[in-house]
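There are 2 protein chains.
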Amino acid sequence: MFYENAEGKRFDMEYFCNKHIPMVKQKLGAACKGLDVDQGLSGAQPGSKPPFVAMAHMLFDSVDAFQNAFGPHADYIMGDVPNYTDIQPVIQFNEVKT
Amino acid sequence: MFYENAEGKRFDMEYFCNKHIPMVKQKLGAACKGLDVDQGLSGAQPGSKPPFVAMAHMLFDSVDAFQNAFGPHADYIMGDVPNYTDIQPVIQFNEVKT
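In order, the protein sequences belong to chains Y and X.
Counting along the first sequence from 1, when you hit position 33 you're at 35 in this note's numbering, and nothing is skipped either side.
Counting along the second sequence from 1, when you hit position 32 you're at 34 in this note's numbering, and nothing is skipped either side.
FYI, nobody ran anything at the bench for these hints, they're computed from the structure.
A pair holds if it fits inside one copy or across any two, identical chains being indistinguishable in the list.
Okay, derived cross-link-like pairs now, DSBU-like style, lysine-lysine, Cα gap no bigger than 30 angstroms in a straight line: (1) K51 <-> K29; (2) K27 <-> K11; (3) K11 <-> K99; (4) K11 <-> K21; (5) K11 <-> K29; (6) K51 <-> K99; (7) K11 <-> K51; (8) K29 <-> K99.
Predicted model only: the values in this text are computed from it and were never measured.
Turn these sequences into a full structure, and let the hints steer you where they fit.
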């Protein structure tokens, strides 16, 4: 999930890291092999605006493993999103190559 | 670095993983604590187009540690980019939060 750095939008990194992510980890259980959060500092030039204010990367054995773990909790997890942001996240599934 | 999934653009994942990334690792040396490559599979909906065709994440102790390691090799590394893509990468610096 990537949260774009748009004018006038809010993102509460403290709530995200200390409330949302621990709750997500607890709901997904052992199927989630990793969950990293990055906070945007800058673009390529020092002091420039980062394209994304925050990113979260979740690691699963497969897309099916994600869907089986996330599906039953999707409504609960997505219902918590307005508590930390009003940014519509960019979501994509990746294969880890290296 | 994020490579956007734009119409008519090329990205050679085999060259990227087997030639470019090993060369970058060798140039950056021990300062680079981690280097992951993701290949976009889909967007949030199965079968939809992923926003990014590929992403690479490099981990350093600090922005300064990156600049000290990357700076002397920047021209050489960037000169290899046309060998695998004609996409202009989106670059940003992040702080790892969790």
